[in-house]
Every structure is written in C-alpha cells, then in structure tokens.
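Novice: The primary structure of each chain is shown beneath.
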Amino acid sequence: MIAIEHVARQFVVPRSRPTLFASKRSSERVVRAVQDVSFEAPDAHITGLLGPNGAGKTTTLRMLAALISPDAGRLAVDGIDVVSRPREALARMGVLSDARGLYPRLSARENIVYYGALQGMPRDAAHARAEHLAQMLDMEPLLERRTEGFSQGERMKTALARALVHDPANIVLDEPTNGLDVIATRALRDTLRWLRTPAGGGKCIVFSTHIMQEVERLCDSVVVVSHGRTVAQGTVSDLLEQTGEQDLEEAFVKLAFTERHALADAGGTKGEAA
Amino acid sequence: MTMLPGRCALTVFRKEIVDALRERRTLAVVLVSSVLLGPLVLLALSALVASLEEHAEKREVYVAGLEHASGLRNYFERQTYTVKAAPADFEVLLRTSKFADPVVVVPKDYESAQQHGDAPVIEVVSDSANRQAESGAARIQRLLQGYGRERALLGLAVRGVSSELVEPMRVEERDLASAQTRATQFTGMLPFFVLMAVLYGALNAALDTTAGERERGSLEPLLMNPSGRASLVLGKWGAVACLSMLIAVLSCFSFLPGQWLLRSDTLQAMFQFGLHEALLFLVVLLPLAAALSAVLMAVAIRCRSFKEAQANSTVVVLGISLLPLVTLFNQSGEAPWHLWVPALAQNTLMTRVLKGEELSALQMLVPLLVCVLLSAAGVALVARGLRAAAVK
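In order, the protein sequences belong to chains H and S.
Everything in the first sequence is counted per our numbering, starting at 400 for the first residue and increasing by one.
Everything in the second sequence is counted per our numbering, starting at 31 for the first residue and increasing by one.
For reference, chain S alone in the conformation it holds in the complex (with noise of 0.2 Å):
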C-alpha cells in the first residue's frame, strides 16, 4: 500500500497539529505572553496618557507665597486657571513623587522689589525625576512667561511704545504629521509585539516536530513508513506554520477589543487600528510566520535535543528581536535594502500602516519573494537532514 505525497503530508499536518494543541502549558503561555501582552501595553499607554491630558485639563496652578503677588494671581485667574496654595512641604513631597504639580514659589519682597525697578526672582519648583510634575512644569513656564510679557507690554504702552515694536515677529507653529503620524510615538512598539507573537507561535512547535522527534526516538521509526521525506517534512511544516498563523491572527485581532478600553479620547482618536489595518498586518505577517517556521526546523533538526536546539534557536529569536532596532540606530530613515531583510521588513510595513499610509505592490512582493525563499530553503535543509538526523 503506498499512498500518494499530499495524502502523507496531510496525515502528518493533522497529528502534529494534534500534538501540538495537546500540549496545554506551553500553549497557555504562548497565548498569554504574545495574544495578551500587546493590549496590555496599550492599555498602560492608555493610562499614562489619560492621566497626561487629565492634568492638562484641571489648568491648576500651585503657588507658595500666594499672598506677596496679587498681580500674578489676578492673571492667573484671566488665564482661568485655578489657583491653589501649596502645601507647606511641597519640596519633600515633590522629591517623593507623592506630588504631581509643579510650585511656583513668590519670595516675601516681590511688590516691593518690583516696585523699585528691580526684578524679584520667581522659582518653578520641580523634580526632573517626577515625571508629573515635570510635564506640567513646561505648561507653568509658558503660563509665567506670558505674565511677563504682559507686564513688559504695559510698561511700554504707558510710555507710548508700540508694542509691534517689542515684538516684531509673531512666531505660529504648523504640525505637519496627522493623527495617526503622531500615534505611531506611542504605538511604535507595535508592531514589534506582533513580530515576538508570531516567533513565539513557531518556535515550540517547530522544535518539538525536529529536535523533540529525535530526542524521544520517535524519528527513525517515523521514516521506517514508505512515506516520502519531502512530504513528511512539509506535513510538518504546515502544521507549525498554521500554528504560528493562528498566534498572528489572535495577537493581530486582539488589538480590536483592547482599542475598546483606551481611556484617552485623544489616543483612541489617533490609533486607528481597525478590522481593514488588522488584515493588513496579516497579509504583511502570514508569510514571515511560514518563512520562520521552516527556519527554525531547519536549525533545530541538526540539534539532538529539544535543549540544545533551543540554546541554537537563540540566533534566530535574537535576530527578529534586534533586525527591527535598525530604524532605530539608523537616522537617516527607510532605505530601500529594508525591505529585503526579514522582520526588518515586516516592521517597516506594519508601521506604515499604523501610519496610515498606503503600502504599494512592490513593497508587499519583495518581502514576500524573500519569506517564500526562506521557507522553500527551509524545507528542503530539513528533508535532506532529515535521514541523518535519525541515525545519529
């Protein structure tokens, strides 16, 4: 009885993937680390901003020695800010981080000073390790400033200046990046999730099917069955491809439901990550998940235990870890080459699309030529090591 390849390959598919999804705790965490991870951190985001813009919001302002500047108060007020006194050991508290705004602190002699022409020193306390109160110390900063200028401008017009001639520009800023631009600060890692998801999704299984085989001795007994070794191998291979796929998918969709509970109106606003950008990081991720599948198989059927293999796939999770960090080192933007190198890839076009920009044909055939490249040389190193993998 000898039975045609696809049939063989198809047997195999069906009780690796069996096999597989047995193993339970592997499979738990897989899902927990790479499916939950990625929302989770928008989630924190979410937070970090909300709480950002909610003290943007309050327009508070804390002074110490409130009562020595009744001008300054009065502008505040103009300003619609709401003046507070400052608690008495705002300093220790600030250094603790157990206060989230900045202090303004008026010393005794300002009318006086003022009124003598000098100018008094008023202090913006802060802590730089605080980062609350240092995000709203720039705010403050502005808010005395245009106290100030203010006050220049008064004297000025008393004595009959022209206040354009204090002021003989105005200077306007023009953002230039749109909503989802200014999004990707935040969501730029990402991608980066997604890419550690659809490794993670591979890496057991393309072990267990290559080392783990040899490691029990459950290999040379396997090719003692008059089924070829090309479709032994790419039974396999589909099967910790589809895998690897399922674990894209989750962590690609799993960002719809976390998008949900973004707290911040200004950030939900900016990431617009719908069912039409999901299925775009699928197009960009289902191949690299079938390229990095027979990748690691390829490394891991040299190895004689599922340990060993393990200390070897190290290279490959390192180099779809750090190939990403390229953008980063590299200042001068995207290059071309990117495009040919995988995971590099794969997270230029993924944050294109968080972007919101369109991805042409090009960019989406050249790293697909290279995955269907990889994977072909994948498979075939497993076929051709796969006999003397099995005596040795």
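The following block holds chain H by itself, in its conformation from the complex (with noise of 0.2 Å):
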C-alpha cells in the first residue's frame, strides 16, 4: 500500500536568459512542480495518476523513490516511511521510472540479474526470477541477447523485468506505455491486470499516465493531478457523476482545468508566497 499526504515540492532554478535590468531577487526563478498531493493505493489495485504533461507526477513518483526529498508531506510504503527510511521503503518497491535506460553491452538477463543482486538477491534465485518475468513478459527470446538495438516494447519489458524482479509488493510505473506501440500497450495492461489479481500477487500498482483511454480501460480509481494539486480522486464512474459528464476526457478537461483558471486567478498571491 501505498500513501501520500499533502506532498509539497520546489525547485530554484537560474533563469535561463537574466536581462540586463533584472534585479538580483528575480535571477532565480521559483518553480512549484508540486503543491499538495495526496492519495492512497491500496493492495490488488491499480490506481492511475492522471494529469496533462507538467502537472507534477513525476516529480512526485521519484519523491516516493526517494530520489527528492519533499519539502512538506508524507510519503510511505507499507506503513515505511520514504524519507526517514529510504532504504526498506524501496526495498518493497518496483519502480519504472521515466528514465528507464539499460546497459547496452549486457544481455536483458544481465541486466536484470544486476538489479536482483543490488536488491539483495542470491544470485540463483534472481537468475530464476529473471526467467519466470521473461515467460511472464513475453519476452524469453530477448533474455540472452545485448539489449543494444531493442526496440522500444523490448526495452520497456526489460526495464519493466528489472524493476520486478525482487518481486516488490508495490509497483510504481511512471507513463510506462510512452512510445510503446498498440501490441506492446494491451501486453503491458495484461501483465498489470494479472499482477493486480491474488494469482499475481494482489500488488499495489500506481501508474501515471496522460492518456484517458489507459486509465479507463486499466485503472480501479483514479487520481487526476493538475498544476501539482490532487483536484479529484475516484472511480472512473465516481468523476464521471461528479463532473456531470458522460465522456472521461470532458470530465478531466473540467477537472483539471477549470482548476488551473481558479489558480490563475489566485496568480496574485501566489506570487507573493513564492
């Protein structure tokens, strides 16, 4: 299981051209990639993160990965708490993040075994577990081969192998279907879905995406984030009623924008606070 209370995070950065007259103050620039997002994934269950590109979620995925630390909020896997105790909390975690390069002079075997063994895995059972995903995947043809030249389903299964194979009670993917084609999409839905039934381990599963037909198709509830905020939280069912409409993408329209013109409208004190 997987929670997050009212996470916050910002980031200082130099702008990118300082003119000439621009005081000092205003050389930084303060972006707040999240404000406050919470949400909770529960066991055997896909929880999508809906939201248009920037709205924040990567940003929050890597600070559950504990890759950044969040300025305010509660991250926690299992009741771990991310970032006092990083370490065990990833150790429950299989994260598939945006980044998802592999080491193109290893075969995908190696490639995998190696996170088995960074994960704490005898060397057999990581070997035996990268053979079980790749029967799982649909991937045992690759499992020898250099990963340099694959193409991007292979590197995604690959990558999605490799973050699988300490067999994590948590599965965090983050757009996992990017650049994937209508073949390799359905394969990965499959797996997801088999993952999420007890067969499959009843795993907790957080996906982010952008594309509404995933969620609709895959996901059990969903968490639609905007302007690095939660602004609705549901069943696909639950938005729909809630927005009034009939079509998904009507309603994350609404959702997620409406919201974004409430804040502009706040703009004025917001750019106090920063």
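Hints were generated in silico from the structure; no laboratory data involved.
What you are looking at is a predicted structure, and each value in this text was computed from that prediction instead of being measured.
We treat Cβ as the ideally placed atom computed from N, Cα and C, and that holds for glycine.
You may find that some hints are simply not true.
[Claimed, not checked] Using C-beta positions, here's what the derived DEER-type ranges look like: (1) H:P413 to S:N342: 28 to 34 Å; (2) S:L70 to H:N452: 56 to 62 Å; (3) S:R52 to H:H405: 31 to 37 Å; (4) S:L34 to H:D477: 20 to 26 Å; (5) S:R37 to H:Q409: 35 to 41 Å; (6) S:A410 to H:R486: 15 to 21 Å; (7) H:E543 to S:L34: 27 to 33 Å; (8) S:V402 to H:G453: 44 to 50 Å; (9) H:R522 to S:G304: 42 to 48 Å; (10) H:G453 to S:F359: 52 to 58 Å; (11) H:E539 to S:V402: 47 to 53 Å; (12) H:Q409 to S:A410: 26 to 32 Å; (13) H:V482 to S:L34: 36 to 42 Å.
[What the hints assert, rightly or not] Rough simulated footprint, nothing fancy, chain S against chain H, three-plus residues with beta-carbon under 8 Å: (14) 464 to 470; (15) 510 to 517.
Now that you have both chains on their own, put them together as the hints suggest.
Specialist: Have a look at this one:
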C-alpha cells in the first residue's frame, strides 16, 4: 500500500536568460512543481495518476522513490516512511521510472540479474526470477541478447522485468506506455491486470499517464493531478458523476483545467508566496 | 531484503568490470596506444643508437682529391681508418641525405702550398640538416686536428723544441654519470608514456560509469535500488581504478620483452629495466591510477553527456601531460615540492628508478598520501553529486 499525504516540492532554477535590467532577486525563479498531492493506493488495486504534461506526476513519483526529498508532507510504502527509511521503502517497491536506460553491452538477463543482486537477492534466485519474468512478459527470446538495438517495446519489457525482479508488493510506473505500439501496450495492460489478481500477487500498482483510454481500460481508481495539486479522485464513474459528463476526457478537462483557471485567478497571492 | 554495503559495492564492481571489458574496440585502442607505444619508441630509439654506433665502428673516412695528399692518407691509415674516395656528386647526395658521411675535400695545390710554408685549407663538407653526416663530422674534425698537431710537433722536433712547450698541459675527461644515468638521456620519456597509459586506461571507464550512465538514463533507475550511494560509488570507482591499474601493469611489463628486442648493445647495457624496476614503477603508479580514476569520475558526474564529459576531462588530461614538463623548464633540478604534485611526483620517482637511484620511504609516502587524499575527495564528490545528477 502506498500513501501520499500533502506532499509539496519546489525547485529554484536560475532564469535561462538574465536580462540586463533584471534585479538580482528576480534572477532566480521558483518553480512549485508539486504543491499539494495526496492519495492512497491500496493493495490489489490499480491506481492511475492522471494529469496533463507538467502537472507534477514525475516529481511526485520521484519523491516516492526517494530521489528527491519533499519540502512538506509524508510518503509511506506499506507504512514505512520514505524520507526517514528510504532503503527499506525502496526494497518494497518496484519502480519503472521515466528514464529507463539499460546497459547496452549487457544482455537482458544480465540487466535484470544485476538489479536482483542490488536488491540483495542470491544469484540463483535472481536468475530464476529473470526467467520467470521473461515468461510472464513474453520476452524469452530476448533474454540472452545484448540490449543494444532493442526496440522501444523490448526495452520497456526489460526495464519492467528489472523493476520487478525482487517481486515487490508495490509497483510504480511512470508513463509506462510512452513510445509503445498497440500490441506492446495491450501486453503491458494484461500483465498489470494479472499482477493485481491474487494469483499475480495482489500488488499495489500506481501508474501515471496522460492518456484517458488507459485509465478507462485499466484503473480501479483515478487520481487527477493538475498544477501540482490533487484535484479529484475516485473511480471513473465517480469522476463522471462529479462533473456531470458522459465522457472521461470531458470530465478530465473540466477537472484539470477549470482548476487551473481558478489558480490563475489567485496568481497575485501565489506570486507573493514565492 | 537489504544488503551489506560491501556486497553491494562488489556487485557494482563486478558489473562495471564486465561492462568495460565488453567494450572491445575502445579497449583495443587503449591497449595498442598505451601498452605498445612505449616499447615501440624504445625499439625506434635502439635502431637509431645502433646505426650511430655502426657508423662509429666502421672507421671509414671519405676523401675527395686524395691523390693530392699522400701524407694525410698515411695518417688516416695509421689511425686504422679505411680511406675511401668520395662519390663525384657528394654535395648533392649530402644535401638530399642520401649520403651518410662527411667528406674531406683536399685542394689540388695542397702539397705545393705546404712545401711553401702556406697553410692550405682542408674542408670537411657536411650538411647540418643531414643528421647522420653531422654526427660523423665532429669525429673527422678531431681526426684532422690530430693530423695537424702531429705535423706541428714533427716540425718543432726537427728544430729541437720539446713537445711539452707546445702542449703545456693535458686535458682528460672523466664522466661521473653511471651507465644508467647516461641512459636516461634516451629513456627519459618512458615515464611519460607510462603515465599516459594509466590516464587513458582510466579515462573511458570513468566517463562511462558516470556521465555515460546519465546519458543513457540508467542512473535514475540505479538509484531506485535500496543500496547506499557510497557503496555504489565505491564499486564504480573500484572498477575504474582496477582497469587503470591493469593498463599500468601491462604497460610496465611490456618494457621487459621490449628490452630483449633492443638492437644496440650499449643501450641494452645502459637501459636496465628488470623485474625490480617494473615493480617499483607499479608501486609508484598504482596509487596514481586510483586517484586519477576518482578525479575523472568527479569531473564527469557533473556532465550530462559523454561528450561533455570528454571536453571537461581534457583539463585533467592536459594537466597530467604538462606537469611532468615542470622539470624541463625548471633548470634548478628537483625541488621538494615536486613530490606533492600528482603526475610530477610519479614522473620524478620513475626517472629516479631508471637512473638506478634508491627511493626513500618518505619519497614514496608523500605521493601516496596525496593520491589517497585525492581519491577520497573524488569519491566523496561523486557520491554527493550522484542524486542531483540522476534527476537533472
């Protein structure tokens, strides 16, 4: 189970082009990537993190993976606080991040087993697990090939197998279908559905996306994130009901962008806060 | 499942070694350029010395217009020189470096001028751009001066003057340099080649495990494993340092067989590079390999791509190649601070080994301390920059 409570994170970035007349104070810009995101993802449940580009999905998931520490709020994996006990939390999570680079000179199997070893698995167990995952993800012929020259779909499968090598109870995927074709996307959906079932381990699955179709077809519940805030959550039908729309896309636009207008109106106060 | 930091570091170490050894092409280039270059230079050097020696041993002198000076011929032959007639177009040949000996030119009126008491002019024709001829010119000059002195002494003896009056003192040279010290004139560049080998051994792996990992997008997922940053960095650094050390070992030992191929007996006698010297070289070089690996990694972790890292590491490469030159510009000899400067210290110590001088414990400890500090600083910087590097 993954619980995220009111996390916030801002970045200070230098202005890309300081102008001649800009004062020193304004040469740095504060980007409030995440302002207030909260949700709970239970076990045996697929939770979709839905939001437009730049909504703060990747930053939230990076905080969950202990890559960035939050300015405020709390993140917990199976009750383990990510900030104070990051390594224990990471051991209970399999994360397929936005960056899914493989080692091109290693075979798919070696890539997977390396992560198994880093998770503290004995070598034999890691090999057995790699074979099991290859079967599950239908990538057995790839296993002994070097990953140099793999297609997007093949890369994704290898990266997913690598993230799942230690059989984590919680699976976090950041836009996993980016760059995948229909067949690969369908295969991934089937895999995730199976992982949710008791036979698949009843995993807690969180995945971020900006594609409505995926949410409709796969998610048990949806968290809509916009402008660094959680603006709505519930099942797909809950959201439709809440907005009075027939179509998820319409509902999403209403939820995500009316909220943004509201924020833009409050722009003056926000600027002072920054 | 959490694991011990040591086991994690070992896992990373093993993976990085396998990864680096699979990059065959780069490895081959490094091996060829750094391991073979030294011995090849040694061979070229030996060929040069051998040809110089061969020339000196031949004891030949080429003369144009020999028929005009029978006394000179007699003198040359008494000095056990073989006198040969110079080819007709020797000037052209010398200028185009096709003829490798200076030519003594005797004028037609040599004997008659001598009988009249005039001092005839004998030319030694050489071309200062023709190295081989030039190296023989001094020898021929000395030979002719000997002839002149003999003539003068004979003339004085006939008039009853003692030869001591003409030569009130004798000059003899005594060279203090041992054979090995003399050899460093030729072998002085060897430490430089070995230093470069160590540097290039570390360079690629250091960049690949840091900036390369960032560029591939594999650093972020790597940090999502429950392993400490310190053990990740230690594993990576260990692998890079080991590769660099491997190149150092190969490069030092490559001089041993290279030495058997030396053609010049003198050079072979002077260049004493045995197992003992190779091991001393390694004692000096291995800490430097570790330190250079850490420094290169610390530079590269701040770079987003391999290319950027290559550009930035040029500073390190340049420093390592230029620092040994300090001894060249600084004519006052070795200064105590030399031992505190990486690369310069190693260069100094290796030169001493080649000269056959003993190394004291202090001389070894100072560079070792510098290398340990550099390694620690480099590893700490990489560990600190790792997380920021992953998300940017």
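Novice: Look at each hint and say if it fits the structure.
Specialist: Verification of the hints:
At about 20 Å, the beta-carbon gap between P413 (chain H) and N342 (chain S) misses the expected band of 28 to 34 Å. One distance hint, 56 to 62 Å for the beta-carbon pair L70 (chain S) and N452 (chain H), holds here, with the actual separation near 57 Å. At roughly 47 Å, the beta-carbon separation of R52 (chain S) and H405 (chain H) lies outside the given 31 to 37 Å, and the hint is violated. The beta-carbon spacing between L34 (chain S) and D477 (chain H), approximately 23 Å, falls within the hinted interval of 20 to 26 Å.
R37 (chain S) and Q409 (chain H) have their C-beta atoms about 38 Å apart, which keeps the hinted 35 to 41 Å range intact. Taking the beta carbon of each, A410 (chain S) and R486 (chain H) are about 20 Å apart, inside 15 to 21 Å as hinted. Look at E543 (chain H) against L34 (chain S): about 30 Å separates their beta carbons, and that is inside 27 to 33 Å. Separated by about 47 Å at the C-beta atoms, V402 (chain S) and G453 (chain H) satisfy the suggested range of 44 to 50 Å.
Remark: the range hint 42 to 48 Å for R522 (chain H) to G304 (chain S) is upheld by a beta-carbon distance near 43 Å. At about 56 Å, the beta-carbon gap between G453 (chain H) and F359 (chain S) stays in the expected band of 52 to 58 Å. Checked against the given bound of 47 to 53 Å, the beta carbons of E539 (chain H) and V402 (chain S), roughly 48 Å apart, stay inside it. At about 28 Å, the beta-carbon gap between Q409 (chain H) and A410 (chain S) stays in the expected band of 26 to 32 Å.
A beta carbon spacing of about 23 Å between V482 (chain H) and L34 (chain S) contradicts the range 36 to 42 Å that was offered as a hint. Only when three residues or more bring their CB closer than 8 Å to a CB of chain S does the claim for the stretch 464 to 470 of chain H stand; here the count is 4, and the claim holds. Taking a C-beta to C-beta cut-off of 8 Å, the stretch 510 to 517 of chain H contributes 4 residues in contact with chain S, enough for the three needed, and the coverage statement holds.
Of the numbered hints given earlier, the model fails hints 1, 3, 13; all others are met.
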